[in-house]
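Student: Line by line, the protein sequences give chains L and S.
Start counting the first sequence at 139; every next residue gets the next number (my numbering).
Start counting the second sequence at 23; every next residue gets the next number (my numbering).
Among the chain S residues that face chain L by a calculated CB cut under 7 Å, a handful are:
no.	residue
1	Ala91
2	Glu130
3	Trp166
4	Leu169
Quick look at which bits of chain L chain S covers, simulated, 3 or more residues with Cβ under 8 Å:
no.	segment
5	162-173
6	182-194
7	200-214
Bear in mind the hints are in silico, worked out from the structure with no lab data behind them.
All C-beta atoms, glycine included, are put in the ideal place defined by N, C-alpha and C.
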Amino acid sequence: MPRREHLLKIGVSGIRGVVGEFLTPALACSFAQAFGTYVGGGRVILGRDTRTSGEMLTHAVSCGLLAAGCEVVDVGILPTPTIMIYVAATHAQGGIALTASHNPPEYNALKLFNAQGLFFNNYERAELLDLYHQSDFHQAANEEICGVIPDHDKAAKLHFEKVLAHVDAERIRKRKFRVALDAVNGAGAVTTPGFLRDTLGCDLEAIAIDPTKVFPREAEPKPETLGEIASLVPRCLREIGFAQDPDGDRLAVIDETGVVLDNDDVLALAVDAALRRLPGDVVVNLTTSSVIDDVAAAHGRRVYRTPVGEANVVETMQAVNAVIGGEGSNGGIIFPAVHLCRDSYTGMAFLLDRMAETGEKISTLAARLPKYYRRYGKVAYQHGRLGTLMQNLETRFPAAEKDRADGLKLLLPEGWIHVRSSNTEPLLRVAAEARSQAVVEKLYAEVLGLFKG
Amino acid sequence: MVGEAARSLRISQVGLRGVVGAGMTAAHVLDFASAFGTFLEPGRCVVVGRDPRASGVMVREGVVAALLACGKDVVDLGIAPSPVIQHTIRRLDAGGGISIGASHNAAEWNALKFFGRNAIYLSTAEANELLDIYHLKKFNFVEWNQLGTLLTDYHALDPYLEDLAAVYDFEALRKFRVVVDCCSGTSSLALRRMNERFGFQFILINEKMRGVAFAHEPATNKDMVALQLAPLMQPLGADAGFLFDADSDRVAFATEDGAAISEEMVLPMLADYLLPHGAGKLVITNVSTTALVDEVAARHGGEVVRVAVGRQAAIDALSTYRPEQIAIAGEGTGATMMPQFRFIYDGIASMLALLSMMRERDARLSQIVASYPKFSILKGQVPLVTHRIPALLASLRERYPDGRASVVDGLRVDWPDRWFHVRVSQTEPVVRIICEQRGDAPRELYGTLIELVRSFA
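Taking the hints into account, I'd like the entire structure generated from these sequences.
Tutor: Dropping the structure here:
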């Protein structure tokens with residue numbers, strides 16, 4: 139049983155919780171009415187992933203939006219990036235996606251987008267939250283109340299067209315790649331088979347593509363949860379395998395031998411593909427591997443580092459007009475020429491395009507990347523002890539170059555250490571990276587020793 | 023003094039009703055529908071329909087979300103007359119239903135009407151339980167994998183009409199030339215289908231359903247009949263004219279010669295028609311309804327049971343008798359319930375009963391109306407300070423000691439050929455005054471009553 143405070147969270151990132159006792163229809167409705175009031179009425183795009191609570195929450199959110207005088211365009215079950223792109227393309231006032239992304243199926247959440255189809259920035263979020271707490275919603279009278287327009291067909295096509303503009307679709311189709319897909323019965327189950335099979339001409343072997351079923355595996359696409367697709371790829375002689383999260387923004391990649399590629403390496407391959415096409419810099423978070431710096435350097439480009447969190451990466455990407463960005467560990471590839479959001483479809487297209495262009499296997503492309511070794515973990519700490527722990531860490535590595543943008547990152551000649559506290563619980567997240575297994579183990583053990591000692 | 027704001031929302035045994043935005047909000051809708059989902063027995067689905075008000079879509083979304091969250095499967099009929107919603111509850115053996123719509127109120131209002139297991143309005147005891155759950159706000163929301171599913175049924179009309187056809191002789195009734203003022207409401211759906219499928223000749227005016235401004239006030243009263251419907255009767259050569267409210271549970275009518283008839287006439291005429299037809303001898307109505315009901319009942323050896331004004335009292339009274347004892351139940355507003363339809367307020371069935379009466383008696387509508395002794399009724403209202411009401415009622419009783427007094431609801435005093443009724447409205451902060459007399463209007467009595475009530479204001 140998780141602690142009660144985590145069963146519902148209303149904060150600057152919106153509202154997220156366990157459906158039922160905690161995330162109630164009334165709460166979702168009120169939050170949507172606050173959102174509708176904040177965007178000032180007009181058209182709002184509403185979509186969702188495949189969670190069982192999606193239908194119930196769609197109606198609750200529609201109710202709140204209509205009560206605020208908005209017109210609701212219900213795009214049904216679609217990946218989050220597709221919804222965001224559609225908000226921008228249709229000049230809506232905003233959008234809401236009902237998805238708890240990689241959280242377990244009992245959770246759901248409202249993801250909120252502004253008129254550009256982007257996550258609200260920190261200032262917008264704070265304003266909306268104040269409005270919600272004040273309950274000072276616009277209460278539309280009968281004559282101001284609009285309707286719900288179902289619009290299930292156009293958004294995915296639009297998204298795919300945007301992605302195809304940045305790859306050579308013809309050469310991908312010519313290769314008739316043998317591809318495997320695990321869509322976790324999520325939103326990707328609705329659109330990804332069509333994308334790979336029809337749009338990119340792949341020979342597809344797909345599992346978990348029934349949007350009416352529950353998630354067959356843990357929702358987050360990480361190596362330990364991807365056993366089924368990983369064994370399917372070599373068995374069915376696939377050249378590459380893709381795994382999505384329930385709302386289709388994150389991507390994991392399996393090579394032809396059945397090895398789940400490191401997400402930092404997948405991001406590095408995408409960065410390489412993007413920088414081959416467009417000039418500009420790269421933005422990643424502090425915990426992302428140094429392999430990104432090597433790839434960018436090979437193209438003569440700069441890497442900007444930000445605190446962990448998609449919103450932080452996106453904000454810096456806007457500021458420096460970056461060509462590509464992302465967060466390595468969680469499988470997020472952000473390519474603004476398509477849209478400023480994590481997009482697994484851009485990732486799939488980039489990798490297939492590189493394979494078509496080079497004629498190389500995906501394992502070969504990955505093996506060409508500089509090799510780094512990484513360790514991740516978390517340590518519980520007592521409230522009030524955080525400052526001391528961080529100071530001990532600093533004292534232990536006096537010569538290190540320090541970055542304090544998000545916790546503490548120590549850059550050492552032999553690698554780096556990044557320690558940051560979780561936003562939601564008294565936990566320290568520890569990451570370390572080096573060029574050899576032995577060195578990373580040593581760094582990691584030292585940090586753990588400091589915290590436990 | 024009670025201001026406008028206090029009149030824009032009412033939460034009571036009758037359900038939730040208010041001016042959307044100003045009084046009734048999405049939050050009220052969610053909480054009330056969640057209370058209903060909690061109140062219902064687990065298991066069965068819930069039928070939902072609405073009238074054409076623009077706010078109906080917003081309310082529907084909230085109602086559906088709340089019911090799904092309570093684990094109820096929801097069958098949405100879309101825009102549908104209340105009697106069709108109730109019919110569908112029975113057809114599907116559903117756990118209950120909600121009609122979204124403020125029936126005879128103006129377009130800016132909306133309301134939730136709740137039906138229980140047998141499609142009947144909730145009893146007072148059930149309504150109180152629902153209110154308690156609403157106020158406690160402890161709802162039975164189910165877990166993520168137990169949530170209900172939304173189904174739609176846009177063909178609920180046909181089975182309803184087939185059941186009507188089993189009771190009424192459609193073959194004979196369709197010969198009548200009938201004009202109907204749909205007042206932008208749901209009746210057009212049923213009547214148009216009756217034209218298509220059964221060859222009726224309904225001529226519909228204000229047929230297009232409207233979400234914002236209705237063609238006129240959707241009240242079934244004499245003034246509204248006189249507005250557009252009655253003047254069309256002779257030019258169109260119609261046999262009868264009917265006016266429905268927005269959700270088709272009430273009806274008023276005009277005769278073939280263009281006369282707008284008082285809504286009070288619907289109940290006594292139907293009682294006159296039904297009493298000789300069936301075993302039931304009881305007519306259930308309220309203390310404000312015309313004395314003509316008593317006269318008609320007496321002709322057929324029937325008995326009138328008078329209860330307090332309002333739907334709730336009628337529903338509770340119905341449940342104290344066996345269905346076969348009852349001929350009809352209803353009020354002077356044009357809302358009647360008949361045993362053939364298991365006691366649902368149904369304007370369409372009421373209309374068909376009046377047409378059947380014309381056919382069986384082979385009489386014009388004006389002739390039937392003329393066959394009753396003339397009663398004249400006067401209705402008025404006076405705003406009042408609530409705490410002086412007991413003193414007012416006591417004073418009225420002292421002023422008229424010679425009449426037979428009833429305190430079922432306020433004060434009613436009866437003399438052989440006239441009566442008056444003074445009561446506090448359940449929906450507005452006013453005292454209602456009604457008096458009726460055989461023959462000409464009791465203007466003197468009415469004037470005295472108004473003056474007396476005003477002296478307490």
